[in-house]
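Could you build all of it, start to finish, from the sequences and the hints given here?
The chain contents come next:
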Amino acid sequence: MNGDKLLSNIRRRLRDYEAINKQGLFWSNEIIRLFMNQAQLVFFNYCLKEGKHHLLTHLIKTEYIAGESIALTALSYEYAHAAVVNIADIITAPTIYRPSKIYIGAESVAFEHIEHYAGHIRGGDLTLKGSTSGDVISFNIGYYTYPDTIRITGHKEVIIPDVYEIMDEDTPSYILDYHSFDEHIYNDVILPLTMVMLGQKETVNQREYKILKGYVDLNKLFPSMQININRSEDRFEGIKQ
Amino acid sequence: MKPIEVLHIIRTLLDSGREWYLNLPNVEQLIHDSQIKVIEYYLRIGEERPIRPLFVYENIDITTTSKNLIELQHPLLEPRNCVLSLYKTNIGIIELYNRQLAYVPPHKLISYNSISNNVSNLVDDPSTMIAQRLGYWTYKQSWDVSNQKDITTVEINDHDNALLLMGGYRLNLEIGYVRVPNKFSIENNIGLEVTKEIQYEVAAVAAESINNMDVLEYERGLAAPPESGARVTLDKTGRPI
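In the order they appear, the protein sequences are chains A and B. My numbering puts the first residue of the first sequence at 1, with every later residue one more than the last. My numbering puts the first residue of the second sequence at 1001, with every later residue one more than the last.
Derived from the structure by calculation, the hints contain no laboratory data. Some clues are possibly wrong.
[Unchecked claim] Capping the alpha-carbon separation at 25 angstroms, the derived lysine-lysine pairs in DSS-like fashion look like this:
#	chain 1	residue 1	chain 2	residue 2
1	B	1183	B	1140
2	A	49	B	1196
3	A	49	A	61
4	B	1037	B	1140
5	A	52	B	1196
6	B	1108	B	1140
7	B	1002	A	49
8	B	1140	B	1067
9	B	1002	B	1183
10	B	1196	B	1002
11	A	61	A	101
12	A	52	A	101
13	B	1196	A	61
14	B	1088	B	1067
15	B	1037	A	49
Encoded structure:
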């Protein structure tokens, strides 16, 4: 996914831009890209953990697989939510479809010997088991894929476009060419999350408080040294509003 | 995420490099520890989805193996399941029973010893006679000096010894467990082994522990720093005064 416009958006929100009175960019493009990708995965994990599957509708995939098992790496699989088993039956000519449950990890060992249609995920493999061994010939599986990786290609900061015509008003989607979540999720969740993750470098955490405390102590010793530790106006931006 | 990206995230979160930073082996060790912390967290909340790459399933034929020396392929982090199944191999392979073994702590296994070993009853119809019985299992960790690694040994306690001596039977142990992830290493390009969506969590926990080490001054334990050349006086209990 092309994340150039997300990148500019984040720079705006972080107030990280180059100007005459500024030293330069604080975060590199690569670091922002890395954190954006991690932010969308954190959100993705949250949705799966809390059962908010309605936010992941872009990521559902269904696939037909011949045979009894498949390596999950072939699927870019995240979380199998349903499988339908296709069973060979000699008496009735067409194959029968049966729903089956998917077990992950420890559950799979517990239900190993019970005769029912089930998929077992162990390590990197998904295996389907029928009531007797060898009667599963193929299966359909529904699963969530990982969100598309956000990439940065030829990012260029444009504040006022040189040519007016390049602003295409017919396409409301100003962010993305292809997206893995609803568009507002990028704006409302992933961007702020990235901002918070990156901003941990800027806000006063324990470590920085310790450093700042050093300056304050220094100020006590030498009162002539005026060091205003709360100089940064950005820090109080939220309070003013 | 590549190993080097994990390191970049930690450095960004710590805002380090100015006055204090851990050396690489320490950071790698802390990342490894944090990964185990995160795995244990997800096990505790009953969510095995993000740690499924570490789930190992082993099916071991223990017909002729000594039952207190069943060696696993990987060091075990969390036991999940242990199923014992008996097969009759005289005519075809028929599964007679399978049962879930109960885990007991290593020092208590000896108390859960076999109750009866009535061979004469077993000979007639093993499938009906043995199915009601219980079995127990435990595991021990030891250090392999020659290969420099941890070894996990499983020990079980059940009643089928007499039966197996007669021949024509096969005893299988199926163990599902979460293994210890490989040591995180930049040099050997061994990254995090949990799934992508919780890798940021691991990096954040590692950053947090490094930050604590600095801010809470975990590393300055001695009363006199060794580089000062001063003798450290010890009290009767061996603690520095």
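A quick look at each hint next to the structure:
Of the supplied pair hints, the one linking residue 1183 (chain B) and residue 1140 (chain B) holds, its CA atoms being roughly 21 angstroms apart against a limit of 25 angstroms. At roughly 14 angstroms between alpha-carbon atoms, residue 49 (chain A) and residue 1196 (chain B) fall within 25 angstroms of each other, so this suggested pair holds. Our distance criterion of 25 angstroms between C-alpha atoms is met by residue 49 (chain A) and residue 61 (chain A), whose separation comes to about 19 angstroms. Restraint check: the Cα-Cα separation between residue 1037 (chain B) and residue 1140 (chain B) comes to about 21 angstroms, which is no more than 25 angstroms; the hinted pair holds.
A threshold of 25 angstroms between alpha carbons decides the hint, and for residue 52 (chain A) with residue 1196 (chain B) the separation of about 19 angstroms falls inside it, so the pair holds. About 12 angstroms separates the Cα atoms of residue 1108 (chain B) and residue 1140 (chain B), which keeps this hinted pair within 25 angstroms; it holds. The suggested pairing of residue 1002 (chain B) with residue 49 (chain A) holds, with an alpha-carbon distance near 24 angstroms, which does not exceed 25 angstroms. Between residue 1140 (chain B) and residue 1067 (chain B) the alpha-carbon distance is near 13 angstroms, which keeps this suggested pair within the 25 angstroms criterion.
For the proposed pair residue 1002 (chain B) and residue 1183 (chain B), the alpha carbon gap of about 14 angstroms is at most 25 angstroms, so the pair holds. A distance of roughly 10 angstroms separates the Cα atoms of residue 1196 (chain B) and residue 1002 (chain B); the hinted pair therefore holds under the 25 angstroms criterion. For the hint linking residue 61 (chain A) to residue 101 (chain A), the alpha-carbon distance of about 17 angstroms falls within 25 angstroms, and the restraint holds. Straight-line distance between C-alpha atoms of residue 52 (chain A) and residue 101 (chain A) comes to about 20 angstroms, which keeps the hinted pair within the 25 angstroms bound.
Using a Cα cut-off of 25 angstroms, the hinted pair residue 1196 (chain B) and residue 61 (chain A) holds, with the two alpha carbons roughly 19 angstroms apart. Proximity of residue 1088 (chain B) to residue 1067 (chain B) is assessed by CA-CA distance (about 19 angstroms); at most 25 angstroms being required, the pair is judged to hold. Under the criterion of a C-alpha separation no larger than 25 angstroms, the hint pairing residue 1037 (chain B) with residue 49 (chain A) is consistent with the structure, at around 18 angstroms.
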